[in-house]
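The chain contents come next:
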Amino acid sequence: MSDLARTVEALLFLSPQPVAVADLAEATEATEGQVSEAIELLREDLAEGRRGVVLREVSGGFALASDPASEEAARRLLAKPRTPPLTQAQAETLSIVAYLQPVSRPEIARIRGVTSESAVQTLAERGLIEESGRSRFGAAIFKTSELFERLFGLAGLDQLPDPSRFDPSPEDARELRERLLKAGEQRAEP
Amino acid sequence: MSDLARTVEALLFLSPQPVAVADLAEATEATEGQVSEAIELLREDLAEGRRGVVLREVSGGFALASDPASEEAARRLLAKPRTPPLTQAQAETLSIVAYLQPVSRPEIARIRGVTSESAVQTLAERGLIEESGRSRFGAAIFKTSELFERLFGLAGLDQLPDPSRFDPSPEDARELRERLLKAGEQRAEP
Amino acid sequence: MPVADLDLDLDIFAGPFDLLIAVVLREEVSLLDLQLGEVVVAYVEHLEREGELELEVATEFLVLIAALLELKSRLMLPGPETELDELGPEEAVEELLARMLEYRRYRDAAAELAETFESQRGYLYRSAPLPAGLRRVAVDAAVAVYDPDQLGTALGDLLLEPADVDVSHIRPTVSLERRLRALRDALGRRTNFDFDDEFGNEDRLTQAVTVFALLELYRKGEVTWEQSECFGPIQVRKILPG
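Residue numbers (the working numbering), protein chains in the order written: chain A, 4 to 193; chain B, 4 to 193; chain C, 613 to 854.
What the hints contain is simulated information worked out from the structure, not anything from laboratory work.
The structure presented is a predicted model; accordingly, all values stated were derived computationally and were not measured.
Watch out, some of these pointers could steer you wrong.
Stated by the list, open to error - Computed beta-carbon distance windows for the label pairs:
(1) C/652 / B/19: 48 to 58 Å
(2) B/84 / A/79: 36 to 46 Å
(3) A/189 / C/849: 47 to 57 Å
(4) B/139 / C/628: 24 to 34 Å
(5) C/723 / A/118: 49 to 59 Å
(6) C/744 / B/143: 33 to 43 Å
(7) B/88 / A/83: 28 to 38 Å
(8) B/173 / A/4: 51 to 61 Å
For each residue, glycine too, the CB sits at the ideal point set by N, CA and C.
Looking at chain A on its own, in the form it has when it is part of the complex:
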């Protein structure tokens, strides 16, 4: 293994984010071509199934990751799953996704009357919601996950409770969506 390959391996090991070839070249004071060669060496050594760590090419550069085969053991050693109570913002956001899914990020904001970035992000990190594509306009679209159903003890989405405290309950999904949007717009501009 060349000195440069060793250094590149060390850099990828230390960096919490993927590193671009250009940045590796700057840090190692080598050319991008030399770095690419070193990456090729590493790619062989760290191919899937060879070691506990694999080399991945992801958007923006290269990164080391643990071999997926070790996931179970890693979970036993390190997993610290968190299920703290939901905040009001999270509960509202989650209920919108649950009842209207698939639903886009701007739609959530329109219904809540406020941007809901951080609630969406937290729910996604905890695995309660997940991206299920993009809208025609490029906005992320969300749906609830299997984990969501487990954590709420639901056998299926049809087991979601009727929107309580509201009478009359909307008849169908389309009516629900329309009424949520209308109420949200009224909240946004009193």
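Following the hints, position chains B and C against chain A.
Quick look at chains B and C alone, frame taken from chain A:
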């Protein structure tokens, strides 16, 4: 490389702290003997100078670290300045805490002959020592941290050099005593 | 300012107080040669300059200077016949010696530790968040911890349309100027009109201010009006110039 060695490598890669053999065994559902064998395999593969990453035995467990040869490149990439060396006051304070722990703030001051507030504070800020309670009289009591062992490359506190090594020789002590006595007599005479 | 930083300029020593104590302990300066009175004077001068007494710093100074005085007096006292002191100079020397030796041990250990630290600084450890998969509950291990009713309630709240805003507490403002303009507009369209026809739909306040505006126009000689009976209709008529 065995499956177990690969898994152990992955666990050490993921874990933010050194991992003890017992914990590795539990996570991998292997015996401690098997884990130790896997560690031996890794120790060879990750011996100094072979790859960019080395296996280290620190603080009661095993951890991966980048090879010192890549330090400069790593600091350029991560924009991390080199940690400053220990000042004389910090090194003295740290050695008192390391050997006498748990030790109170006044005890440190008594041995050093000067209050050691700022050294204690800096060491605590750098995470090398930590408060471990209060003495009967309310003074903060300190011990070294896990980070201390990691940064000093110690597998455990028992690897600190034997303090008797630093005892002045009997000749030194005798000479010092004589000088002090002589000074006392000179003063007492006139 | 911590007492350690107190700057001293003595006969045999110049530098901060903590360095003085350190060099005394390292017997680079003999305690016997040191005029402790000078140290006290320097401290008092410092206090005068600062103009305020920090109790904690003063206490620290007193403790340290007292310890030095005690050690020094023991060194200087002649013999065991002194009844005032339990320790003779020899014991004092032993005590000082013990402290110096203890200090030396850690000073030397410190040198070695600093070297070790230096040699280990090149090893860097990874500090990265756990992969997302390890931060969330595994689907297989997940049990119900949340109440679905929370979702129903949250959605119910979102469905509620906000009630119409009650503005009854807000008093409308009616400006005389605007009413003057309204009157002149009306008079621009025709030379006379019935007040109720023109302003009957306005609220009471607006009507009252309009009457007030009418008075103003009357004063200026722009209009006149007639009311044949009490509460009867008011006929407003424009006075044409000339």
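So, going through the hints one by one against the coordinates:
Between residue 652 of chain C and residue 19 of chain B, the C-beta spacing of about 53 Å keeps the proposed range 48 to 58 Å intact. At roughly 37 Å, the beta-carbon separation of residue 84 of chain B and residue 79 of chain A lies within the given 36 to 46 Å, and the hint holds. A C-beta distance of roughly 49 Å is found between residue 189 of chain A and residue 849 of chain C, which places it inside the suggested range of 47 to 57 Å. Separation of residue 139 of chain B from residue 628 of chain C is about 32 Å and conforms to the stated range, judged on CB atoms against 24 to 34 Å.
Checked against the hint of 49 to 59 Å, the C-beta distance between residue 723 of chain C and residue 118 of chain A comes to roughly 58 Å, which is consistent with it. A hinted range of 33 to 43 Å holds for the C-beta pair residue 744 of chain C and residue 143 of chain B, which are about 39 Å apart. A beta carbon spacing of about 35 Å between residue 88 of chain B and residue 83 of chain A agrees with the range 28 to 38 Å that was offered as a hint. About 53 Å separates the C-beta atoms of residue 173 of chain B and residue 4 of chain A, a value consistent with the hinted range of 51 to 61 Å.
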